[in-house]
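**Q** Following the hints, complete the assembly by docking chain B onto the known chain A.
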Amino acid sequence: MKGLWHLAWRYLCFHKYKTLVLVASIGLIVFIPMGLNVLVKKGSEQLTARAEQTPLMLGRVGSPLELVLNGLYFQSDTPPPLNFGDYLAIKDMDMGQVIPLHTGFRSRGFPIIGTRLSYFSFRRLALKEGRWLGFLGEAVIGASVARETDLQVGDTIISAPETAFNLAGAYPLKMTIVGVMGKTSTPDDDAILVDLKTSWVMEGLGHGHTDLSKDDASGFILNQNGKSITANAAVNQFQEITPENIGSFHFHGNIGTYPVHAVIVIPKDQKYSALLQGRYQSHATLQLQNPASIIGKLLETVFSVRQYVLIGASLMVLSAGAMSVLIFMLSQQLRAHELVVMKKIGAAKGFVVGMVTCEIVMVMVSGVLLGMILTLLSEKYGLVLLQSIIVSGV
Amino acid sequence: MNRCIAMLLVFLMGACSEKEQETVSEKANTNTSVFVAVTNYPLQYFVTRIAGDSVITYFPSIEGDPAYWKPSNNELRTFQQADLIVLNGASYESWLPYVTLPDDKMVNTSYSFSNQLIEEDQALVHKHGPKGEHEHGVTAFTTWLDLQQAIQQAAAVKDALIKVLPDKAGLFDKKFTTLQKELLSLDQRLRLIGDRLKHTPFLFSHPVYQYLQRRYGFSGHALHWEPDIMPDEAQWQDLKQVNGELKARWMIWEDQPLTNITRRLEALNIHSVVFNPASNRSENEKQDFIAVMNANIAKLSAIGRNHLEAGK
Numbered sequence: 361m362k363g364l365w366h367l368a369w370r371y372l373c374f375h376k377y378k379t380l381v382l383v384a385s386i387g388l389i390v391f392i393p394m395g396l397n398v399l400v401k402k403g404s405e406q407l408t409a410r411a412e413q414t415p416l417m418l419g420r421v422g423s424p425l426e427l428v429l430n431g432l433y434f435q436s437d438t439p440p441p442l443n444f445g446d447y448l449a450i451k452d453m454d455m456g457q458v459i460p461l462h463t464g465f466r467s468r469g470f471p472i473i474g475t476r477l478s479y480f481s482f483r484r485l486a487l488k489e490g491r492w493l494g495f496l497g498e499a500v501i502g503a504s505v506a507r508e509t510d511l512q513v514g515d516t517i518i519s520a521p522e523t524a525f526n527l528a529g530a531y532p533l534k535m536t537i538v539g540v541m542g543k544t545s546t547p548d549d550d551a552i553l554v555d556l557k558t559s560w561v562m563e564g565l566g567h568g569h570t571d572l573s574k575d576d577a578s579g580f581i582l583n584q585n586g587k588s589i590t591a592n593a594a595v596n597q598f599q600e601i602t603p604e605n606i607g608s609f610h611f612h613g614n615i616g617t618y619p620v621h622a623v624i625v626i627p628k629d630q631k632y633s634a635l636l637q638g639r640y641q642s643h644a645t646l647q648l649q650n651p652a653s654i655i656g657k658l659l660e661t662v663f664s665v666r667q668y669v670l671i672g673a674s675l676m677v678l679s680a681g682a683m684s685v686l687i688f689m690l691s692q693q694l695r696a697h698e699l700v701v702m703k704k705i706g707a708a709k710g711f712v713v714g715m716v717t718c719e720i721v722m723v724m725v726s727g728v729l730l731g732m733i734l735t736l737l738s739e740k741y742g743l744v745l746l747q748s749i750i751v752s753g754v
Numbered sequence: 010m011n012r013c014i015a016m017l018l019v020f021l022m023g024a025c026s027e028k029e030q031e032t033v034s035e036k037a038n039t040n041t042s043v044f045v046a047v048t049n050y051p052l053q054y055f056v057t058r059i060a061g062d063s064v065i066t067y068f069p070s071i072e073g074d075p076a077y078w079k080p081s082n083n084e085l086r087t088f089q090q091a092d093l094i095v096l097n098g099a100s101y102e103s104w105l106p107y108v109t110l111p112d113d114k115m116v117n118t119s120y121s122f123s124n125q126l127i128e129e130d131q132a133l134v135h136k137h138g139p140k141g142e143h144e145h146g147v148t149a150f151t152t153w154l155d156l157q158q159a160i161q162q163a164a165a166v167k168d169a170l171i172k173v174l175p176d177k178a179g180l181f182d183k184k185f186t187t188l189q190k191e192l193l194s195l196d197q198r199l200r201l202i203g204d205r206l207k208h209t210p211f212l213f214s215h216p217v218y219q220y221l222q223r224r225y226g227f228s229g230h231a232l233h234w235e236p237d238i239m240p241d242e243a244q245w246q247d248l249k250q251v252n253g254e255l256k257a258r259w260m261i262w263e264d265q266p267l268t269n270i271t272r273r274l275e276a277l278n279i280h281s282v283v284f285n286p287a288s289n290r291s292e293n294e295k296q297d298f299i300a301v302m303n304a305n306i307a308k309l310s311a312i313g314r315n316h317l318e319a320g321k
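Those sequence lines, one after another, are chains A and B.
Just so you know, we're using the numbering used here here: the first sequence kicks off at 361 and counts up by one.
Just so you know, we're using the numbering used here here: the second sequence kicks off at 10 and counts up by one.
Same shape as in the complex, but just chain B:
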């Protein structure tokens, strides 16, 4: 009997040391490890949530919207050295046509729904020279605001990470499933709000909410207003003209607008609400992608409640 207990102890000790070794080697791998470059914050968030410390994520320090970022020589070199380059696709990376990147390391996360991308109306068609007419198309690129698309993008991230680190497939699958559940929950909540507000017209400060509108049924008109720049009189006139027909009481902004803008809008009976697309890192480090989306949903939810109360 004693012999059996001793054997069991030896076996358990062996098992423990193996587990410890695994942890150590995992950490060592982390230090050497896979280097993933991303082009916007949602992608960085997905990579971090799925791969955690297994990879080093590089998201350049960008001021403003990463969609309008252009890489410097050094930033491009860092991208070239990455083991995996995670792209948003949908023309988000407008700099991609004129840089050299290793195409076997690039993954376009919106590829799976590329046939559902929204082509913008303001595309410019021009023709000259022997090749004739061609279009400088503008594709709506804030793809992750349709949370179902965000899930597909996260799945593409997970698949790409598994290709680079096949040993961690189980771990990545597990973490992706958790993330997927959270994104699905956001999606369901937005759908409920969308149902409630489907007859409520909105003004959008920028044309970045196309996928949010399509998926959740928010209707309205997009302007080209910056939250930190007071619109000129022509823009105010345009707003009055547009809203004459639209009769929107809410204007959705990417960021908190200047107080004098909100006051003037209030005078026109238009209330401002911020729906942050979370393209870039939040200044508040505690505000991750899910937290930002939760805050967005809470604000839209408040509109929904007001709407219901007004209805009663």
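Next up, chain A with everything else stripped away, as it sits in the complex:
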């Protein structure tokens, strides 16, 4: 018996390229359906995990999917903004924690997220270096942003307006990076996080400029009537917030009308969740969505597509399996002369059949093992792969 395995092993080693091709083919036949299943499962887990961690999301009436995708993954088009007053109203209800998100700006292709400190604790984000946001004009960047841009603590990053045509109010703002977050394998890795007020400065709602009441500002003044000063367009507005000019930054008008693109709502319990959903159910201008439910519906569509993909993959596996059988049969025909020689030098018929069977078993077992290893690898590292493929695709 030992001789059978030895001869089979020697044969496979002698024809190593043919053996490797066969093992790889069988490995892929095993891996394709299993790996696909694992990747899709991981992908859906990835999508639903963040949605499930986010109980409710408040936004302006419009596409629920756009609101949720933007609020969770900072992708898709920026949804229409709600007023900061709407955020204050739901906060005053005292039914849970609320976190505003402003997602209207980007820098070097990465989304700039204006939010509050509570966002960091809610998403359990940790710093790799530096510190959290402290002052206006500071930014904390995700791990991928740091890796891809080579930016680090102390460097600066400049915002770009969301549209090139928004010349009226959106000024590029130079922000100082004060912290780099650790890797989370979530969209936060690709985000530049700033204080909500910093986003409003980018919107042009707040700014710092030369003190118009001082003598050296006389060149900027068109008209002064009592306490009313009209400055000309040349008034020097600061595009970088520094310790020297930070005190001059101020905001105009009613803060309640300032824009926020989404509000994460974490109700105290199920009762408050139901109450809140009831209050916003037929609201004229606002929608309160359950992100898990919205993403669930999206995944239902993805899963129906997956069925077709799996059917296609199964057909491919069947044909590949048939090809492998054919290869084994043809291989035996090619070896007919060799087998005849073995019989002539005294090998019993059963011995020859046994040896061929051993060869097939060794190739099959190796192929299945390879397929399983690939599946395990995709389970472990597929998440990272999906992060870059699926999320950026969304």
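None of these hints come from the bench; they were simulated from the model.
Source: prediction; values computed, not measured.
Any given hint might turn out to be false.
To be verified - Estimated spans, in silico, between C-beta atoms of each pair: (1) Met239(B) - Asp510(A): 52 to 62 Å; (2) Glu128(B) - Asp629(A): 34 to 44 Å; (3) Ser642(A) - Asp113(B): 25 to 35 Å; (4) Ala449(A) - Arg273(B): 50 to 60 Å; (5) Pro69(B) - Lys628(A): 24 to 34 Å.
Said to hold, decoys possible - Think about it this way: if two alpha-carbon atoms lie no more than 25 Å apart in a straight line, the pair counts; the simulated DSS-like pairs of lysine-lysine are: (6) Lys362(A) - Lys376(A); (7) Lys184(B) - Lys114(B); (8) Lys172(B) - Lys631(A); (9) Lys740(A) - Lys543(A); (10) Lys79(B) - Lys534(A); (11) Lys543(A) - Lys488(A); (12) Lys488(A) - Lys534(A); (13) Lys657(A) - Lys401(A); (14) Lys488(A) - Lys740(A); (15) Lys362(A) - Lys378(A); (16) Lys172(B) - Lys451(A); (17) Lys631(A) - Lys451(A); (18) Lys628(A) - Lys172(B); (19) Lys184(B) - Lys295(B); (20) Lys295(B) - Lys308(B); (21) Lys631(A) - Lys114(B); (22) Lys114(B) - Lys628(A); (23) Lys190(B) - Lys308(B); (24) Lys451(A) - Lys114(B); (25) Lys308(B) - Lys207(B); (26) Lys401(A) - Lys543(A).
The beta carbon of each residue, even a glycine, is placed where N, CA and C say it ideally should be.
**A** Structure of chain B alone, referenced to chain A:
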């Protein structure tokens, strides 16, 4: 009978040990405990009076008026780590628009009377750029000098503390009631003095007494004089011009002015009296908020008496 007495003793011992345990756990909680950051001395006083040792209060070491304080990186980080950030509101914290603080931990103690805040005349309106005219409003911020407002601020402090430490609601309510009584007593005394001095014009060294004036009826004119800086001649001329019409015999200061200032004022028949707004800790540790207010009231009371005697 003996059995009954023994049972009663066991019951009492049990009760005692439970009480002791409570005290121990209270102390343990104190050590771990809730960290409250405040932005001026009256708020620190209210927190300490209401919560006592149940919380650790952080009021940064500030020289001068805390209204003009700007937090350093470290001070801001300490505020960010607080379980509760107690703010005066009414634009008192001028640094608030440009710092990042956890808004779910902040409490604006003047929120309940925000529609009664006084907007100052020297607000600067300017317009430029696409957004048009806007105003850099100046809100009077020494809100606690109206003791009724101080009570509302203390109530906001108490409510915020109860939210953080709901188990101690009873204790906090009780301590607040005591504080409220003391503040009410100050308020009533000031009202009496205000009634007595309602026709007496005053000069105020700084525009920080707006709520005191409104609530208690003190009328007068506010200057921008510092107690430790001798005013220049232009400021003296302004004073003479203003007082030509006002005819004030008393000038109220935040702190004891320099002797040469008081002498020159005396020469103009203007007497100096200190009404300390107690924005910051007193250098004398024994002088708490109530003690400072009592001293202020005593000084105003003396003016009232002089006024009455002069009237006779």
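**Q** Mind listing which of the numbered hints don't hold for this structure, in increasing order?
**A** none
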